[in-house]
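K.L.:
Please work from the sequences and hints to get the whole structure.
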Amino acid sequence: METETMIEVRDVTMRFHMNADKVLSLKEFVTRALRGKLKFEEFTALENVSFSVQKGETFGLIGHNGAGKSTLLKIISGILKPTKGSAVSRGNVVPMLELGSGFDMDLTGRENIFLNGAILGYSEPFLKDRYEEIVAFSELGAFIETPIRNYSSGMLARLAFSVASVVNPEILIVDEILSVGDASFQEKSRRRMTELMSGGTTVLFVSHNLDQIREMCGRVLWLDGGKVRMIGGAEEVCNAYAGA
Amino acid sequence: MKGSTLRKIIAIVMGVYVLAVVAFYFLAGHQLRFRNSRGNIAMPEQVIQYAELTDGVTVEQSFFAPIQRFESVSVKFATGVRDTNEGTVLMEWLRADTGETLARETFDAAAIAEGEVLSLSLGEAREDLYNVPMLLRVSADSEEGKCVSVILAAKRGGDETVLNLRPDDATLFFSASGEDYIWSGMHYWYFAAGGALLLALYFLAVYLRNARGKTGFFVKTVSAMQKYRFLIRQLVARDFKTKYKRSVLGVLWSFLNPLLMMVVQYFVFSTIFKSDIRFYPAYLLIGIVSFNFFSEACGMCLTSVTGNAALITKVYVPKYIYPLTRLMSSTINLGISLIPLIIVSLFTGVRFTQAAILSLYFWVCLIVFSLGLGMLLSASMVFFRDTQFLWNVLSMIWMYGTPIFYPDSIIPERFRIILRVNPLFHFIKNARVCILEGISPEPKAYVVCFLFAAGMLLVGSFIFRKTQDRFLLYV
Chain A
1 METETMIEVR DVTMRFHMNA DKVLSLKEFV TRALRGKLKF EEFTALENVS
51 FSVQKGETFG LIGHNGAGKS TLLKIISGIL KPTKGSAVSR GNVVPMLELG
101 SGFDMDLTGR ENIFLNGAIL GYSEPFLKDR YEEIVAFSEL GAFIETPIRN
151 YSSGMLARLA FSVASVVNPE ILIVDEILSV GDASFQEKSR RRMTELMSGG
201 TTVLFVSHNL DQIREMCGRV LWLDGGKVRM IGGAEEVCNA YAGA
Chain B
1001 MKGSTLRKII AIVMGVYVLA VVAFYFLAGH QLRFRNSRGN IAMPEQVIQY
1051 AELTDGVTVE QSFFAPIQRF ESVSVKFATG VRDTNEGTVL MEWLRADTGE
1101 TLARETFDAA AIAEGEVLSL SLGEAREDLY NVPMLLRVSA DSEEGKCVSV
1151 ILAAKRGGDE TVLNLRPDDA TLFFSASGED YIWSGMHYWY FAAGGALLLA
1201 LYFLAVYLRN ARGKTGFFVK TVSAMQKYRF LIRQLVARDF KTKYKRSVLG
1251 VLWSFLNPLL MMVVQYFVFS TIFKSDIRFY PAYLLIGIVS FNFFSEACGM
1301 CLTSVTGNAA LITKVYVPKY IYPLTRLMSS TINLGISLIP LIIVSLFTGV
1351 RFTQAAILSL YFWVCLIVFS LGLGMLLSAS MVFFRDTQFL WNVLSMIWMY
1401 GTPIFYPDSI IPERFRIILR VNPLFHFIKN ARVCILEGIS PEPKAYVVCF
1451 LFAAGMLLVG SFIFRKTQDR FLLYV
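Quick mapping for you: the protein sequence lines, in order, are chains A and B. FYI, the numbering for the first sequence is 1 to 244, going by our numbering. FYI, the numbering for the second sequence is 1001 to 1475, going by our numbering.
Watch out, some of these pointers could steer you wrong.
Label pairs and their computed distance ranges (CB to CB) [unchecked claim]:
| no. | chain 1 | residue 1 | chain 2 | residue 2 | range |
| --- | --- | --- | --- | --- | --- |
| 1 | A | M230 | B | T1242 | 26 to 36 Å |
| 2 | A | E42 | B | I1410 | 51 to 61 Å |
| 3 | A | S152 | B | T1242 | 48 to 58 Å |
| 4 | A | T108 | B | D1469 | 53 to 63 Å |
| 5 | B | G1335 | A | R229 | 57 to 67 Å |
| 6 | B | R1385 | A | Q54 | 27 to 37 Å |
| 7 | B | L1198 | A | E170 | 37 to 47 Å |
Straight-line C-alpha distance at most 20 Å; calculated EDC-like pairs for lysine to aspartate or glutamate [stated by the list, open to error]:
| no. | chain 1 | residue 1 | chain 2 | residue 2 |
| --- | --- | --- | --- | --- |
| 8 | B | K1245 | A | E8 |
| 9 | A | K188 | A | E215 |
| 10 | B | K1241 | A | E145 |
| 11 | A | K81 | A | E124 |
| 12 | A | K81 | B | D1469 |
| 13 | B | K1227 | A | E145 |
| 14 | A | K227 | A | E42 |
| 15 | B | K1076 | B | E1045 |
| 16 | A | K27 | B | D1386 |
The hints are simulated quantities; they were obtained by calculation from the structure and are not laboratory data. Quick caveat, the model's predicted, so the values are computed rather than measured. From the three backbone atoms N, C-alpha and C, an ideal C-beta is built for every residue, glycine too.
P.N.:
Encoded structure:
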């Protein structure tokens, strides 16, 4: 097995300056600053988290709501800069954090494929090349030329998944997405995921569904209150998590 | 970055620089080396008396002016509101020290209209008249009741007196004009070569650094441009498509809008300002198109970060792309609204000269300035949502503080500082000079506009860069 490290998270700490309540207006800011009440509460979302993911691995992330999973994913995909420590990822990261966040409701499905593809970092020739494939996978047919504000939520999810998964990304970040569309599309997307994983893609997988984690992941990290509670084989960590 | 790619880009940039420098030299032409002299004497404004030029009356005006290249003097005449004047009027211009006649001409009194300004020209500009005492002599051979008059004004200080005619403490309605040399313009090629040398040295450093595997600002910018070119194009296309998506006339609005605004303002303001301003419709339209672009671009940039919150929290894309793409789609709009500007200008009789091309320079400055301000606003908007309301008020003040529909001459002298520190005034004024007057502004104007634009971009991008890591926590 290849042991090329794709993601290296070293001693990452993330602290947010949380104002007791967000000051979003100048007047509020000035009056508070004058009264000396502009104090920040520190909130530590992640503390000294370290791990690495090897190439081709499917790495699971579990933890309760607010444990820091999403923050960790954002740090890995470069959206957030950690307060301390470093997160290095080699290769292009395709985040499937929330599908279709780059969609524009006034554009047609076709235009959105190109827009969303560009946002995910695909090149133009690549998209043109794979355009038919994306449309076919989404099963949208003639609706592809309709503005997507007329789509049902299932159709939107299908389009988004099709765009995001057409590429063979080096690192794929999956945050609770295998529940899109109807049963048959869910099955299809699961197959597509398995296909990607066997194709050498490194996958970071976040889910609350322990069965899914057990089925798909090799190793799992359990985050609890921003700290690493446990890291190890899927079966072992899932059992501990379920028991806690 | 690959050495060959970098070499190609450097060659292109250097080529563009050389082309721009040479093109500017020819487009700016005469105005690059000479400007209207600071020593020019302007026509007075307050009439105190008329002096009838009957046979035997000679009006002499002594004067001097610090003009490096003397060209002409002019005198304003009155007819006594008659069209039955007869005889000839003689105008002479001589040196008071040597008595040399510089120019003389006779005019038919019958052909002189009320308030007409007649000029004596040297033909070839003369450089030896700087501060030399001179005489301007006007006489005529008309009978009383059939003669034209010269106009007298209160004395303005300096060594001007009207001789041979009472009262002594008056001055003739006359003007003197010429040009001064522009030192920087005379040495244009030295500056151009110096710029080329600096640019070449910079690129050499960039190239060597790159060869050693280091990346600097230039290489980073270029590779980001390559990497995100497709995304930028898609985002610009999205802005542009969605803007007119559900309207019937669609993109036509991009040039109907300024045209309609121009028509409305023309009807509202034409009676007040029309006589002061040549080509008033075109004058208006240049102001409207420029200011519309400015307020649209800044308004779009303002919400570019907060409006794309969904993207910013999900995908990593360099954040400056959001204001940049908004600005680019506004720029396309600006390009489209230049079409009605050209049409209206041709319709109202504006003669386009080569200098009109130079107006593009000032629009580029306007675009760069808007980008800088837009970045500043978008960053500030993230932390203080009040920015949008403040900006609404500010942009309205800015609109009234910029001569869009009124001539800048109506601003009293003591408030002119407001214009001088207003970058939009400089951009719009100089674009108007290029298009309406058909000549290039003096070289200083280019430098001033460049400094305004580059300064704003530096400030805006600096603040944007400093704060962008914290955007995520506030959007």
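K.L.:
If a hint holds in the structure, say so; if it doesn't, say that too.
P.N.:
Verification of the hints:
no.: 1; hint: A:M230 - B:T1242: 26 to 36 Å; in the structure: violated, 48 Å
no.: 2; hint: A:E42 - B:I1410: 51 to 61 Å; in the structure: holds, 57 Å
no.: 3; hint: A:S152 - B:T1242: 48 to 58 Å; in the structure: violated, 21 Å
no.: 4; hint: A:T108 - B:D1469: 53 to 63 Å; in the structure: violated, 35 Å
no.: 5; hint: B:G1335 - A:R229: 57 to 67 Å; in the structure: holds, 58 Å
no.: 6; hint: B:R1385 - A:Q54: 27 to 37 Å; in the structure: violated, 45 Å
no.: 7; hint: B:L1198 - A:E170: 37 to 47 Å; in the structure: holds, 42 Å
no.: 8; hint: B:K1245 - A:E8; in the structure: violated, 45 Å
no.: 9; hint: A:K188 - A:E215; in the structure: holds, 16 Å
no.: 10; hint: B:K1241 - A:E145; in the structure: holds, 14 Å
no.: 11; hint: A:K81 - A:E124; in the structure: violated, 29 Å
no.: 12; hint: A:K81 - B:D1469; in the structure: holds, 7 Å
no.: 13; hint: B:K1227 - A:E145; in the structure: violated, 28 Å
no.: 14; hint: A:K227 - A:E42; in the structure: holds, 16 Å
no.: 15; hint: B:K1076 - B:E1045; in the structure: holds, 11 Å
no.: 16; hint: A:K27 - B:D1386; in the structure: holds, 9 Å
Checked against the numbered hints above, the structure violates hints 1, 3, 4, 6, 8, 11 and 13; every other hint is satisfied.
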